[in-house]
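> Could you put the whole structure together from the sequences, leaning on the hints where they help?
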Amino acid sequence: MTLEIDILHRLGGFTLEAKLTAPAGLTALFGPSGSGKTSVINLVAGLMKPDRGRIVIDGEVLVHTEGSIFVPAYKRRIGYVFQEGRLFPHLSVRQNLLYGRWFSSLGGDGVEDVVELLGIGALLDRRPEGLSGGEKQRVAIGRALLANPRLILMDEPLASLDEARKAEILPYIERLRDESRVPILYVSHSLSEVTRLATALAILSDGRIAAAGPTDQIMQRFDLLPPSARDEAGSILETRVESHDDAYGLTTLRARAGSVRVPRIELSAGQPVRIRIRARDVMVATERPQGLSALNILAGTVSEVGGADGPAADLRIDCAGEIVTARVTRHSIATLNLRPGMPVYAVIKSVAFDRRSIGAPIQDAGEL
Amino acid sequence: MDWLALSQEEWDAIRLSLRVAAVAMIATLPFGLAMALLLARTRFWGKSLVNGLIHLPLVLPPVVTGFLLLILFGRKGPIGGFLADHLGIVFSFRWTGAALAGAVMGFPLMVRAMRLSIEAVDRRLEAAAGTLGASPLWVFLTITLPLILPGIIAGMILSFAKAMGEFGATITFVSNIPGETQTVPSAIYALTQTPGDDAAAYRLTLVSIAVSMAALIASEWLARRVDRRIGPE
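These protein sequence lines are chains A and B, in that order.
By numbering that gives the first Met the number 0, the letter at position 74 of the first sequence is numbered 73, and the numbering carries on one by one without gaps.
By numbering that gives the first Met the number 0, the letter at position 38 of the second sequence is numbered 37, and the numbering carries on one by one without gaps.
Check the hints yourself; a few may be wrong.
[Claimed, not checked] To give an idea of the chain A side of the interface with chain B (calculated C-beta under 7 Å), a few residues: (1) L46; (2) A72; (3) Y73; (4) Y79; (5) R85; (6) H89; (7) Y98; (8) G99; (9) P339.
Bear in mind the hints are in silico, worked out from the structure with no lab data behind them.
Source: prediction; values computed, not measured.
C-beta atoms are modelled at their ideal positions from N, C-alpha and C, and glycine is treated no differently.
Structure follows, in structure tokens:
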């Protein structure tokens, strides 16, 4: 599946001019409030009509203003999970889930799988008004999924939930991303959700796509991120749980770049975890440091020096093929004479990882 | 308790009132719903004029409404003459005329109740149904209609009660003929004009109070239900 968007739309004094290709997997549309994220997916869903442009999904033209093509929302087969759920209050959970089936020829096939995937079996006979926020969102995801969509849009589906409810839903969205073949376009202004979920990332700023590409590549480029998110920029490592150290409350993760110790997480050995290492949390040493409290020392080579921003610059370090980004002062770059090709050590404190930078529940998170 | 027993004439008046009110309510339902949708969901030139015309019977003296009906729907009136000649429907001095008078008087109440419930529907739910594959007609039938049902029923009850109690327009348009156009209010009026029949007037008054109270309570209850069902999550 590919989704191509190339549209121009004016809303009052705001101009949205977005050009984007979304591949399979979960593509996050990231940006601050008011950057036009929701407008983009409303245009894709057919809830809004662009002033100009085209939207094509798998070669089928949904919108082409020059050719006067506008496929109405109900004929697009694009699922939509809204921020506030929008379950039908007069229908039971089961009837909500099956609503899209009334208009397709699928009957009841696959309902059990979706109910199982989302863990909503016990809710089927209840009314939406009695559900918790997290349960409502799971039902809303199931409802969109059961309408047999070729693309699912999610508009900040976790924004109205507290941290506990978010933690409850995130694994289901991960399973959806990994187990169903339906691609997802996910709107968020939360970098932690993006880190954990997105396979591709598009950054929207003032109605324009500022950058788009694989999540790990975009996250390294803090100059592309909106100012509010720059402190959070860094590299994303795909890791697996190797072992736990209960005595010290630590978990060792294995990444290609090396092993990384983080606060104890609640996953068993062998399970995959994505971690984000903030560039500003990484120190750089030219020799392997001794007598240091930081637990994580990754060996690598400087691959790029750049992205100067005031006193700081970012350093991309190639650690066995994975890129770790470090944000250091230009002063340090000069005094250490850091340059591409130079072997260095990236140093990261374990306590720099918190629940916003680890894609898994942290035990006794406390202040972390 | 003998004075509570209803005479044959009184039963006739009650039966006629019920029939007049039921016919008025059912006949206006499609028009009332269409008008409520038009006013709640569309914008058009002259909308406030249409809105005013519909509400006119609420503020106009009922005698004036009855007189206008007589002019328009009487045997020689432009509409009444046409209907009598081509469809065989006669209003003047028939129970059908009483139903028409009741319908016109109850119409604003019906439209108002339905319009409010349509305006209270969260349109985002309709958009959500659209993304699930429901065409606009299906969205109306499966989302909008069930959500406004209490409002529709409340509007029907109000229009029924109004038609049941209509007097001024009825007596002006179709007079006060026992067994044909003498509804409960007309019968009470006739009884108060002749000395010595107070007990009959009391009985019919009690019937009127009971029917009106029941209608008000039912519509209040339904209004609360509509709030609960389509209010914010």
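> Under the criterion of a CB-CB separation shorter than 7 Å, is A/R85 in contact with chain B as hinted?
Hint on A/R85: holds, closest Cβ of chain B at ~4 Å, below 7 Å.
> With a cut-off of 7 Å on the beta carbons, see whether A/Y79 makes it to chain B.
holds (4 Å)
> Tell me if the interface restraint on A/A72 is satisfied: Cβ within less than 7 Å of some Cβ in chain B.
For A/A72, the interface hint holds, since the closest Cβ of chain B sits about 4 Å away, which is under 7 Å.
> Should the hint that A/G99 touches chain B count as held when the rule is a Cβ pair under 7 Å?
holds (4 Å)
> Just to be careful: measuring from the Cβ of A/Y98 to every Cβ in chain B, is the smallest value less than 7 Å?
Hint holds; A/Y98 Cβ to chain B Cβ min 5 Å, cut 7 Å.
> Hint A/L46 vs chain B: min CB-CB distance below 7 Å?
holds (6 Å)
> Quick one, is the A/P339 hint okay against chain B at 7 Å, beta carbons?
violated (49 Å)
> Holds or violated: is the Cβ of A/H89 closer than 7 Å to a Cβ in chain B?
Cβ of A/H89 sits 5 Å from chain B, so the hint holds.
> Hey, does the A/Y73 contact hint survive, CB to chain B under 7 Å?
holds (5 Å)
Against the hints set out earlier in the document, a violation occurs for number 9 only.
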